[in-house]
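Protein chains in written order, with this note's numbering: chain A, 1 to 75; chain B, 1 to 258; chain C, 1 to 355.
Mixed in with the good hints, there may be bad ones.
Residues from chain A that face chain B, not an exhaustive set, calculated with beta carbons under 10 angstroms [stated by the list, open to error]:
1. 15
2. 46
3. 59
Taking lysine-lysine pairs in the DSSO-like style, the calculated list, with each CA pair at most 27 angstroms apart, reads [unchecked claim]:
4. B:18 / A:3
5. B:230 / A:71
6. B:11 / A:73
7. A:14 / B:11
8. B:19 / B:238
9. A:39 / B:230
Quick caveat, the hints were computed from the structure, so don't treat them as lab data. For glycine and all other residues, C-beta sits at the position ideal for the given N, C-alpha and C.
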Amino acid sequence: MAKIKGAVVIDREKCKGCEVCVVTCPTQTLAMSSEVNAKGYHFSYAAAPETCIGCANCAVVCPDGVITVYKMKVG
Amino acid sequence: MAEFNINEIIKPANLAYKKSRILTDNVMHYCPGCGHSTTHRVLAEVIEEEDLQGRAIGITPVGCSVLMYDYLDIDFQEAAHGRAPALATAVKRLMPDRFVFTYQGDSDLAAIGTAETIHTCNRGENILIIFINNGIYGMTGGQMAPTTLPGMKSSTSPYGRDVAMMGSPMKMADIVAMLPGTCYVTRQSVNTPLGVRKLKRAMKKAVQYQNEMRGTCFIEVVSNCPSGWKMTPVESNKWLEDNMFPYYPLGDIKVPQE
Amino acid sequence: MEKELRLMKGNEAIAEAAIRAGADGYFGYPITPQSEILEYLMTANPQKTTGMVVLQAESEIAAINMVYGGAACGKKVMTSSSSPGISLKQEGITYIAGAELPCLIVNVVRGGPGLGTIQPAQSDYFQATKGGGHGDYHLIVLAPASVQEMADFVELAFDLAFKYRNPAMILSDGAIGQMMEKVYLKPQKKRSEEILPWATTGKPETRERNIITSLDLDPERQEKFNEKLIAKYHEMEEKEVRYEEFLTDDADYLFIAYGTSSRICQKAIQLARDEGIKVGLLRPITLYPFPKKRIAEMAQKVRGMISVEMSAGQMVEDVMLSVNGKIPVSHYGRMGGMVPTPEEVVENLRSFIKG
Numbered sequence: 001m002a003k004i005k006g007a008v009v010i011d012r013e014k015c016k017g018c019e020v021c022v023v024t025c026p027t028q029t030l031a032m033s034s035e036v037n038a039k040g041y042h043f044s045y046a047a048a049p050e051t052c053i054g055c056a057n058c059a060v061v062c063p064d065g066v067i068t069v070y071k072m073k074v075g
Numbered sequence: 001m002a003e004f005n006i007n008e009i010i011k012p013a014n015l016a017y018k019k020s021r022i023l024t025d026n027v028m029h030y031c032p033g034c035g036h037s038t039t040h041r042v043l044a045e046v047i048e049e050e051d052l053q054g055r056a057i058g059i060t061p062v063g064c065s066v067l068m069y070d071y072l073d074i075d076f077q078e079a080a081h082g083r084a085p086a087l088a089t090a091v092k093r094l095m096p097d098r099f100v101f102t103y104q105g106d107s108d109l110a111a112i113g114t115a116e117t118i119h120t121c122n123r124g125e126n127i128l129i130i131f132i133n134n135g136i137y138g139m140t141g142g143q144m145a146p147t148t149l150p151g152m153k154s155s156t157s158p159y160g161r162d163v164a165m166m167g168s169p170m171k172m173a174d175i176v177a178m179l180p181g182t183c184y185v186t187r188q189s190v191n192t193p194l195g196v197r198k199l200k201r202a203m204k205k206a207v208q209y210q211n212e213m214r215g216t217c218f219i220e221v222v223s224n225c226p227s228g229w230k231m232t233p234v235e236s237n238k239w240l241e242d243n244m245f246p247y248y249p250l251g252d253i254k255v256p257q258e
Numbered sequence: 001m002e003k004e005l006r007l008m009k010g011n012e013a014i015a016e017a018a019i020r021a022g023a024d025g026y027f028g029y030p031i032t033p034q035s036e037i038l039e040y041l042m043t044a045n046p047q048k049t050t051g052m053v054v055l056q057a058e059s060e061i062a063a064i065n066m067v068y069g070g071a072a073c074g075k076k077v078m079t080s081s082s083s084p085g086i087s088l089k090q091e092g093i094t095y096i097a098g099a100e101l102p103c104l105i106v107n108v109v110r111g112g113p114g115l116g117t118i119q120p121a122q123s124d125y126f127q128a129t130k131g132g133g134h135g136d137y138h139l140i141v142l143a144p145a146s147v148q149e150m151a152d153f154v155e156l157a158f159d160l161a162f163k164y165r166n167p168a169m170i171l172s173d174g175a176i177g178q179m180m181e182k183v184y185l186k187p188q189k190k191r192s193e194e195i196l197p198w199a200t201t202g203k204p205e206t207r208e209r210n211i212i213t214s215l216d217l218d219p220e221r222q223e224k225f226n227e228k229l230i231a232k233y234h235e236m237e238e239k240e241v242r243y244e245e246f247l248t249d250d251a252d253y254l255f256i257a258y259g260t261s262s263r264i265c266q267k268a269i270q271l272a273r274d275e276g277i278k279v280g281l282l283r284p285i286t287l288y289p290f291p292k293k294r295i296a297e298m299a300q301k302v303r304g305m306i307s308v309e310m311s312a313g314q315m316v317e318d319v320m321l322s323v324n325g326k327i328p329v330s331h332y333g334r335m336g337g338m339v340p341t342p343e344e345v346v347e348n349l350r351s352f353i354k355g
């Protein structure tokens, strides 16, 4: 059966660490990193990238539009 | 199971979402998690998708969003506090084929600018008014707003809003919906993906109604203010759902008669 | 094309002249003694003939902000009011100056302060020429003394406003606003279709977005901007001073007066000359930029000057500054809506001469 696999590209320097994407993601793909960016914010990243389904909820809710989403059918 | 190769997925052909080209490269100065940023993003997408860049004129307020003109690549006018609907009235009457909108906060729309809000809606000017209601005055440091909830603390209501002394919060969307000049009045939110998608649909309707010269469209975005409310962004979104939405219910209050 | 001759009230002449000058919009609010401007425009309904927008706003504050919005689109827009309403407009006016926008504001002055009276006065001189609103800026201020000038100055004010991208004011008074005189009206000018490069008209591919604002949070940049404004005002002071002289060639004394006071002075001059007093009149037409150079020159020739104004003495300070201590300068005027008679003015001149 065809499956959707997704991937997110997060601009870590523009992320302000609000964490809204992390709580919104339906597949627990995202988490906040322990590193900080140049502005001192912990930024969001795909901690479990293989779980991403490309639903784009994270990007849709991101206040600063730092997330770009890709998805494709596999199988 | 097939090998998982992320570079297979990250290709232009597979693009599912990217922020609108109408947003400039400037980093928005809003606090992390602020509803202003999200609303700007949605508005930029609508302007791009409805091909409005060549005829949009936005009127910015005084408040946190005073620098909105740095974030969207369209023509903008900076209004005096509360007066954006007056500017928009003139712009639309002088150039009826442009897409004209105001973007205003609590003080701008519901305190100092109340007369302009009411009268512009009453005259039914063919513009879109976007009202960001976060129950507080953000830019000036978290003072009480006409929309601050009963009992809610702010820097000028340190013991909580006392309705007996300070009056009740004003439900601006309901007030303007009573005026015949408004054709579309709705409350939306941007704290969840569903809310964001609904706001986008609401904005597109407003574009359509303005094209059809149906009257004033009023979109109230019930939003958070993490700094003003002294919470983290995630906490503020929860507080928004638990406290603001019951007082300011989401949904369409008025739609044009078909 | 022929000019049209009509008998009109000052206020009506402004309204008719605005239509004929190709104005794009008028946004106003009723207040005595200038409501005729709005009423005339509503009755004339130029939206049907020239497309000019006429709107009664919900307040004077709303009206000036409508003017700001229209001016930001590069349109020829105006408002009118009287003293208390002009006070309300001050914030909007500084925004217009700070954003470098052209527009016309008409003040048909009444007695003040506060709600005051509805009779004429000249007590808004400071407000008009020294700011009125906050910050370093000036209005271009024209002072008509007849119904003809009420009409002529509308186009002149717009021309100057667009030339310098600065708000302009016609500072009239309740007497000129209400009096009826002959006026020659110019033929209808077509409304401009020009898209100004700085205006907000919708961003085409061919330019960057236009932002009309008076805000700059960077003090170094804001200072440079203020210097730019000051340079504009210096240019106005060099090039745009306008005044009229009456019997000044052989004058020993000079009246400085504008508007209604200047007309009273003309009669007072006749009466004084009948008694052998050689007095003349310098009538400023632009109150800003003020005719300081000419007054300084005249201070070399005359023995004294009296600023005749219907106020407690406002323009007299500018006369004193221009004269710079060379000769005595005093003020004569009535307040609260009282209009001086020529005889009173002559009596005051006699006392002034006696010392």
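Going through the hints against the structure:
no., hint, result
1, 15, "holds (9 angstroms)"
2, 46, "holds (8 angstroms)"
3, 59, "holds (4 angstroms)"
4, B:18 / A:3, "holds (22 angstroms)"
5, B:230 / A:71, "violated (37 angstroms)"
6, B:11 / A:73, "holds (13 angstroms)"
7, A:14 / B:11, "holds (21 angstroms)"
8, B:19 / B:238, "holds (25 angstroms)"
9, A:39 / B:230, "holds (21 angstroms)"
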